[in-house]
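2 protein chains.
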Amino acid sequence: MAEYKLVPFERLQEQFGRLPGIGPKTAARLAYYVLTMPQAEAEKFADAVVQAHKTIRYCKVCCNMTDQEICPICSDPKRDKSVICVVESLQDVLALEKTRELNITYHVLHGLLSPMKGIMPDMLSIKELMNRLKDHQAVKEVIMATNPTIEGEATAMYLSKLIKPLGVRVSRLAYGIPVGCNLEYTDEVTLTRAIHGRSEM
Amino acid sequence: MAEYKLVPFERLQEQFGRLPGIGPKTAARLAYYVLTMPQAEAEKFADAVVQAHKTIRYCKVCCNMTDQEICPICSDPKRDKSVICVVESLQDVLALEKTRELNITYHVLHGLLSPMKGIMPDMLSIKELMNRLKDHQAVKEVIMATNPTIEGEATAMYLSKLIKPLGVRVSRLAYGIPVGCNLEYTDEVTLTRAIHGRSEM
Chain F
1 MAEYKLVPFE RLQEQFGRLP GIGPKTAARL AYYVLTMPQA EAEKFADAVV
51 QAHKTIRYCK VCCNMTDQEI CPICSDPKRD KSVICVVESL QDVLALEKTR
101 ELNITYHVLH GLLSPMKGIM PDMLSIKELM NRLKDHQAVK EVIMATNPTI
151 EGEATAMYLS KLIKPLGVRV SRLAYGIPVG CNLEYTDEVT LTRAIHGRSE
201 M
Chain W
1 MAEYKLVPFE RLQEQFGRLP GIGPKTAARL AYYVLTMPQA EAEKFADAVV
51 QAHKTIRYCK VCCNMTDQEI CPICSDPKRD KSVICVVESL QDVLALEKTR
101 ELNITYHVLH GLLSPMKGIM PDMLSIKELM NRLKDHQAVK EVIMATNPTI
151 EGEATAMYLS KLIKPLGVRV SRLAYGIPVG CNLEYTDEVT LTRAIHGRSE
201 M
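Protein chains in written order, with this note's numbering: chain F, 1 to 201; chain W, 1 to 201.
Bound-form chain F, shown alone (with noise of 0.2 Å):
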């Protein structure tokens, strides 16, 4: 009994198995789902991986992702150039500017440090931020925007100890109860810092 293969489709399932949080079975609907689509459907999600690729890089300043040579932000006139907030990746800089609150620049380090994982500070866009603390000697404060963890505090804290010297104020977002959240499933330790950093009313 010919054992049933199909190459195309097995390709196809491999490559989505690949991506972050898609296991075999999602993988297998998804591949399957793209099969049923129309041709060119399924030419436009290839040309749209492929042309992602092909213009964006990285700007020449803050190190986001862009397509053009330096980011819309970076080159913006009306951004506030003296306030630097420092993120690990794209999708901070994407939330952050969902608030539609903030008018600051920012610089991406595409990644945080782990010696566990052997990301080392040569391996992020470190030496990229602090050139523009010495160019530039407009920059007033340097906001820490890297997530609360163990990794994100730990780079919050190096890159802090590498700018204060400079005389370059250095901040960290502030810890506290999410809006909208219910206390009574807070954790301890979130309560804790919203208690500290509790402010006048």
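Treat the hints as calculated values from the structure; they're not laboratory data. Honestly, I wouldn't trust all of these hints.
Copies of the same chain look alike in the list, so a pair counts if it fits in one copy or across any two.
[To be verified] For lysine to aspartate or glutamate, the following EDC-like pairs were computed, each having C-alpha atoms within a straight-line distance of at most 16 Å:
(1) Lys5 with Glu97
(2) Lys5 with Asp76
(3) Lys161 with Asp76
With chain F fixed as given, assemble chain W onto it according to the hints.
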């Protein structure tokens, strides 16, 4: 303040967001992952999508997806052509073939009857199935292996009424408790079916 937009990223996110079960957050995560892939990997991914679409067609006999004129199952001389197992999709064939115990052929409907969703008999490969039964007097049995859902049942019932007058035996997959399950968590309908379908030990 210029709004920060990264068109190639957004297009990729939109494309991932069209896939079933992928929400905007997951789509953003997948799009970001694809951007951080090496370019060669991204091209391989895109190529798998396009190639799968180009090479896959429908088997002239069983309507299953294949990269040949006639699929390996239908063209295998060792397969028992007298038993046809009717399924909804390619994925069901793959699941049944995983048992490695079946020496039967298939017929893939590419959907299930659903007046609610506007899926009528002429939109499924029912005509092709009837042709197989009429042309080849050799077919002795048709096994209905559609899902045990309302639509799957209705489709099995509809086909059964069409096929029985041809003098071909029509059977349905057994209902019962799944192997390895816990009776406590099995629903009443399944338990009732399992008791009605009990067998001698």
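Hint-by-hint comparison with the structure:
1. Proximity of Lys5 to Glu97 under the C-alpha cut-off of 16 Å is restricted to the inter-copy arrangement: shortest distance 10 Å between copies versus 47 Å within a copy.
2. Taking CA atoms no more than 16 Å apart as the test, Lys5 paired with Asp76 passes between copies only; the shortest distance there is 13 Å, against 54 Å inside one copy.
3. Proximity of Lys161 and Asp76 under a CA criterion of 16 Å is satisfied in neither setting, with 30 Å inside one chain copy and 70 Å between copies.
Of the numbered hints stated above, the single one contradicted by the structure is hint 3.
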